[in-house]
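Number of protein chains: 2
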Amino acid sequence: MQYAEPIDKLIKAFSRLPGIGEKTAARLALYILNAKGEYVEELASSLLSVKAKVSLCSVCMSFSDIDPCAICSDVSRDVLTVCVVSDYKDMVALEGMGGYRGLYHVLHGSMAPLKGIGPDEIRLKELVNRVESKAVKEVILATGFDSEGEATALYTARLLKPYNVKTTRIASGVPVGSFVEYMDGATLVRAMQGRKDVAG
Amino acid sequence: MQYAEPIDKLIKAFSRLPGIGEKTAARLALYILNAKGEYVEELASSLLSVKAKVSLCSVCMSFSDIDPCAICSDVSRDVLTVCVVSDYKDMVALEGMGGYRGLYHVLHGSMAPLKGIGPDEIRLKELVNRVESKAVKEVILATGFDSEGEATALYTARLLKPYNVKTTRIASGVPVGSFVEYMDGATLVRAMQGRKDVAG
Numbered sequence: 000m001q002y003a004e005p006i007d008k009l010i011k012a013f014s015r016l017p018g019i020g021e022k023t024a025a026r027l028a029l030y031i032l033n034a035k036g037e038y039v040e041e042l043a044s045s046l047l048s049v050k051a052k053v054s055l056c057s058v059c060m061s062f063s064d065i066d067p068c069a070i071c072s073d074v075s076r077d078v079l080t081v082c083v084v085s086d087y088k089d090m091v092a093l094e095g096m097g098g099y100r101g102l103y104h105v106l107h108g109s110m111a112p113l114k115g116i117g118p119d120e121i122r123l124k125e126l127v128n129r130v131e132s133k134a135v136k137e138v139i140l141a142t143g144f145d146s147e148g149e150a151t152a153l154y155t156a157r158l159l160k161p162y163n164v165k166t167t168r169i170a171s172g173v174p175v176g177s178f179v180e181y182m183d184g185a186t187l188v189r190a191m192q193g194r195k196d197v198a199g
Numbered sequence: 000m001q002y003a004e005p006i007d008k009l010i011k012a013f014s015r016l017p018g019i020g021e022k023t024a025a026r027l028a029l030y031i032l033n034a035k036g037e038y039v040e041e042l043a044s045s046l047l048s049v050k051a052k053v054s055l056c057s058v059c060m061s062f063s064d065i066d067p068c069a070i071c072s073d074v075s076r077d078v079l080t081v082c083v084v085s086d087y088k089d090m091v092a093l094e095g096m097g098g099y100r101g102l103y104h105v106l107h108g109s110m111a112p113l114k115g116i117g118p119d120e121i122r123l124k125e126l127v128n129r130v131e132s133k134a135v136k137e138v139i140l141a142t143g144f145d146s147e148g149e150a151t152a153l154y155t156a157r158l159l160k161p162y163n164v165k166t167t168r169i170a171s172g173v174p175v176g177s178f179v180e181y182m183d184g185a186t187l188v189r190a191m192q193g194r195k196d197v198a199g
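Quick mapping for you: the protein sequence lines, in order, are chains A and B.
Mapping of the first sequence onto numbering that gives the first Met the number 0: position 171 corresponds to residue 170, and the numbering continues sequentially without gaps.
Mapping of the second sequence onto numbering that gives the first Met the number 0: position 161 corresponds to residue 160, and the numbering continues sequentially without gaps.
Hints may be right or wrong, so weigh each one.
Unchecked claim - In silico BS3-like links for lysine-lysine, alpha-carbon gap of 27 angstroms or less:
no. : chain 1 : residue 1 : chain 2 : residue 2
1   : B       : Lys22     : B       : Lys8
2   : A       : Lys50     : A       : Lys11
3   : B       : Lys52     : B       : Lys11
4   : A       : Lys11     : B       : Lys136
5   : A       : Lys8      : A       : Lys35
6   : A       : Lys133    : A       : Lys165
7   : B       : Lys136    : A       : Lys35
8   : B       : Lys35     : A       : Lys52
9   : A       : Lys52     : B       : Lys11
10  : A       : Lys22     : B       : Lys11
11  : A       : Lys22     : B       : Lys52
12  : A       : Lys133    : A       : Lys11
13  : A       : Lys50     : B       : Lys114
14  : A       : Lys8      : A       : Lys50
15  : B       : Lys11     : A       : Lys88
Stated by the list, open to error - Only some residues are given here: those of chain A computed to face chain B with a beta carbon under 7 angstroms:
no. : residue
16  : Lys8
17  : Val39
18  : Phe62
19  : Val179
20  : Met182
Simulated from the structure, these hints should not be mistaken for laboratory data.
For every residue, glycine included, the Cβ atom is placed at its ideal position computed from N, Cα and C.
Please model the entire structure based on the sequences and the hints provided.
Pasting the structure below:
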């Protein structure tokens, strides 16, 4: 059926969101039709205010409504340690674990030559500037363990070699709660290579 | 992690949509952060314009940006037949099947005494007024076959008894593509009761 034009436009707009197909988009639009006006206005204004108020922190490149962001301006954190992530989402996940007290650097992507994403397309220059101009003792590379994340980690480590900074990579191995029998060979090789002494 | 306040507000607003949990809401909000400004503005304005421009058709109570709606003002349709549905979604589904050329009436709910929804809480008065004031030959009751939909159909049929109008109920039985062995007993009883002669 031909929906009224404003409904149709909303369905199309919803269906551009990730993981939202046309059926779900229609369901959401019909929900909006029946929803309270205040809620719809709140959703619309939240969308606009995220774009208006949130920008990149000038220090760590994460998303924030203040500059520097809450983490970069938190004096209780360890400013000598910088954890490099591909995406803001990764930073959110690492903060979620709770134990890390250093700072971050968000690259906003991984190097992917086949997709035309080279070192200049991600926030690497900002990281080098940071290491150059500020006292940083350790850079922890926490990009993913897919080929793009690995390449990015390797490239970043080489880029930072001229500077007096320790470069580490987070460990790769069998995830907690997983069974060895279900692991792929590449992960098991990594887990073997990364083995550690056990206090007996 | 504590998201920046505008991001947090957007996640909360997204998570109030049906079927969107907090994780999905966060994913959508992070998508919005990275999305193009034009898209976000379009989504926000579509939300507001649906609420501003779409209202109930004064004839059939369906959602429309014009009054009467496109279906009610389509002169090629059979104005003597009115199909009663609980929800706008049901009307969309019936229009989707393609063959029906009559008009609709959207009740916006089913009678549910336990939830405090009586005949006055749904658009039944508007249906009676319509049957009273306009030439209507047949009212097809297409509410659902759950207990609330059934009660609504029965109540509506009784309500229309004083008027010179034929009242019919859509058929209940085994859905096309389904196997008899998997059907529940209530459906099979209905299917038996609704059996028809087969031309041999």
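Against the structure, the hints:
{"no.": "1", "hint": "B:Lys22 - B:Lys8", "result": "holds, 14 angstroms"}
{"no.": "2", "hint": "A:Lys50 - A:Lys11", "result": "holds, 20 angstroms"}
{"no.": "3", "hint": "B:Lys52 - B:Lys11", "result": "holds, 26 angstroms"}
{"no.": "4", "hint": "A:Lys11 - B:Lys136", "result": "violated, 38 angstroms"}
{"no.": "5", "hint": "A:Lys8 - A:Lys35", "result": "holds, 19 angstroms"}
{"no.": "6", "hint": "A:Lys133 - A:Lys165", "result": "holds, 14 angstroms"}
{"no.": "7", "hint": "B:Lys136 - A:Lys35", "result": "violated, 36 angstroms"}
{"no.": "8", "hint": "B:Lys35 - A:Lys52", "result": "holds, 15 angstroms"}
{"no.": "9", "hint": "A:Lys52 - B:Lys11", "result": "holds, 17 angstroms"}
{"no.": "10", "hint": "A:Lys22 - B:Lys11", "result": "holds, 23 angstroms"}
{"no.": "11", "hint": "A:Lys22 - B:Lys52", "result": "holds, 22 angstroms"}
{"no.": "12", "hint": "A:Lys133 - A:Lys11", "result": "violated, 47 angstroms"}
{"no.": "13", "hint": "A:Lys50 - B:Lys114", "result": "violated, 41 angstroms"}
{"no.": "14", "hint": "A:Lys8 - A:Lys50", "result": "holds, 21 angstroms"}
{"no.": "15", "hint": "B:Lys11 - A:Lys88", "result": "holds, 17 angstroms"}
{"no.": "16", "hint": "Lys8", "result": "holds, 5 angstroms"}
{"no.": "17", "hint": "Val39", "result": "holds, 5 angstroms"}
{"no.": "18", "hint": "Phe62", "result": "holds, 5 angstroms"}
{"no.": "19", "hint": "Val179", "result": "violated, 28 angstroms"}
{"no.": "20", "hint": "Met182", "result": "violated, 25 angstroms"}
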